[in-house]
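Enquirer: These protein sequence lines map, in sequence, to chains G and E. Using my numbering, the first residue of the first sequence is number 1, and each one after it goes up by one. Using my numbering, the first residue of the second sequence is number 1, and each one after it goes up by one.
One or more hints might be untrue.
[Said to hold, decoys possible] Sample of chain E residues at the chain G side, in silico, Cβ under 7 Å:
(1) S97
(2) G132
(3) T135
(4) A139
(5) T162
(6) A165
(7) G168
Hints are computed from structural coordinates only; laboratory data are not their basis. Remember, it's a predicted structure, so these values are computed and weren't measured experimentally. For glycine and all other residues, C-beta sits at the position ideal for the given N, C-alpha and C.
Each chain, written out:
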Amino acid sequence: MRRARLLLCALWQFGSPALAGAQVEASFDVGVSRLRQATVPTGNSFSGGATLDWLGERGQLRATMLTSRQTESRWTGQTALFGSLTGDSQSPWWQLDVAASNYAQTSAAPTSSAEGAARARLGTGLRGLAAGLGGGVSVTGGHAAGVSRALSDGWWSVGSERLVASFGWTRTTPPPAFGGRTISYEDLAGGWRHETGVVSVGASGGLRFQSSSGPDADDWELVDATVWFAPHAAVIVTAGRTLTDFVRGTPRTTWIGASIRLTATAHRSLVARRPTADGSTPRLVVTRTSAQRVVLEITTQHATRVEVMADFTDWQPISLERGQDGASWRAERPITAGLHRVSLRIDGGAWIAPGNLPRADAGTEAGVGLLTVP
Amino acid sequence: MRMSCCAGLVAVSIAMRAVGAQDSLRFVGGDATTSREVQQIIEAAAAQGLPAGLILSKARFAVAVHTPGPKIVETAKSMATRLVVAQRAIAPHAQESDLAGAEAALSYDVPVEILRRISSASPKEPIAVPLGVLTQLVADRVPAKRAAEIVTDLLRRGATLTQIAELGNNVDADVKIGGYRALDAANMRYNGLGPHLAPLSAAAAANEPGLTSSSGPKKP
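Hey, can you work out the whole structure from these sequences and the hints?
Expert: Dropping the structure here:
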């Protein structure tokens with residue numbers, strides 16, 4: 001039991017950005033789903049998984065592991081590793097991808113695959129196009145087959161919305177369980193995602209077209225929603241239908257499921273933590289109205305006079321004007337962009353730092369806040 | 001005759017401007033010794049091409065809050081030293097607001113290497129706002145390394161100065177009102193901006209899980 005606790009603790013710490021590096025995030029999922037797979041009766045499934053994401057300036061790496069208990073005597077397990085590397089600029093023109101996977105199920109030979117691809121890119125991370133070629137190998141039991149792919153993708157982000165489309169051609173020789181003949185097919189896919197930080201909703205789907213000796217034309221669909229109800233926990237609901245993955249050996253599946261995701265990295269969530277006493281100090285909000293001028297605004301109830309002094313007032317107090325709502329106080333001044341030191345006073349009291357700003361160093365700057373003006 | 005008149009006017013104009021500049025950097029406050037020593041520091045900084053007005057502003061504030069004279073002199077000296085370091089660290093950025101941000105970051109023990117990294121992340125644009133947010137995060141006890149990563153990532157992903165400034169101006173409120181740790185609050189604000197920006201890695205843009213033909217649809 002103690003070992004189990006230590007293991008959990010170690011996993012938690014491994015996911016902590018402070019210890020494991022800035023752009024590392026680990027998450028753990030547990031859930032239930034109802035699913036139907038080829039050759040298996042429809043039933044309920046319990047699943048557990050872990051994902052480790054590493055995000056760098058030029059690349060990303062994702063490792064996932066998922067295990068599922070579908071019946072008393074049937075288990076499936078899937079591990080996968082995806083990596084990408086791009087050119088060194090904000091609009092890189094090339095991208096290299098690698099993917100490796102292993103899929104295993106009770107009483108069946110496991111399937112392992114390894115692939116690589118190179119793509120030429122056009123555009124930026126917000127919107128762009130990519131096209132390229134890839135290849136690899138898929139091994140099931142003693143059966144090894146080469147994989148050839150031609151890939152093209154497009155992506156477009158506007159605000160919280162993200163649209164993605166792809167078209168790909170694949171040629172491989174699947175294991176005997178999937179026919180055993182060399183096939184080729186095209187996949188056309190599209191997707192949309194709405195992401196606010198607290199809620200993420202996505203829908204995607206695709207069509208697979210038969211080519212030489214390939215499977216019949218078919219389609220797949222996927223919808224999912226993630227809600228972060230606490231900084232370290234989210235509930236996820238998914239439903240969909242996937243097609244047979246001839247390269248990774250996963251069968252056609254239809255499912256609906258729900259799971260809980262736990263992560264070490266804090267997210268914006270529906271639930272805020274308890275307020276502290278210091279939260280009552282008025283906030284200072286700045287808005288640039290022109291290249292030179294900035295509006296300072298403080299909201300405070302029941303005040304009769306609000307003053308600000310700062311480096312941009314040459315440390316001379318200036319009075320703010322009360323707004324029509326009676327609670328907001330404003331002043332407009334020319335202020336340069338960058339860091340400024342500012343202090344405020346309510347009704348002639350002590351000079352204090354605005355509640356939303358970090359305090360400047362103690363000593364000569366007690367009661368002064370650090371404000372960044374855009 | 002007309003030429004000599006013009007030359008004389010130009011000379012007077014230059015002299016007046018020099019006097020004006022000196023007056024604008026004149027420090028009056030505290031006792032005579034403090035005034036003299038601070039004034040010497042300010043003039044030495046101006047002679048080195050440093051934004052001496054920043055030292056003057058800080059010294060005036062110290063007087064306004066009745067800081068003892070020796071402490072004012074010490075503060076002015078330290079600031080002048082940091083400005084020299086800041087000037088070298090963020091070159092070729094030389095605007096006063098950029099130097100003010102770099103100096104403030106140094107006052108919170110942010111390593112010079114981090115300033116260089118931010119300077120190189122935005123070589124052609126002013127970096128006063130990113131440096132300001134860096135300083136705010138470090139003042140909030142976010143580790144300098146992580147704070148620098150957040151700022152440089154936002155720059156590289158095309159965040160606007162308003163978005164960057166809002167992050168710095170709100171993390172402290174999340175700590176005080178939301179009850180979060182500063183690091184968590186900074187990460188949350190950073191993650192919250194993510195959907196509105198280019199992906200952290202440009203590679204991620206083309207690798208939306210479940211959508212690319214190379215990765216195939218996501219399984220349950």
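Enquirer: Now look at each hint and say whether the structure bears it out.
Expert: Structure-based check of all given hints:
no.: 1; hint: S97; in the structure: 4 Å, holds
no.: 2; hint: G132; in the structure: 3 Å, holds
no.: 3; hint: T135; in the structure: 6 Å, holds
no.: 4; hint: A139; in the structure: 4 Å, holds
no.: 5; hint: T162; in the structure: 4 Å, holds
no.: 6; hint: A165; in the structure: 4 Å, holds
no.: 7; hint: G168; in the structure: 4 Å, holds
No hint from the list above goes unmet by this structure.
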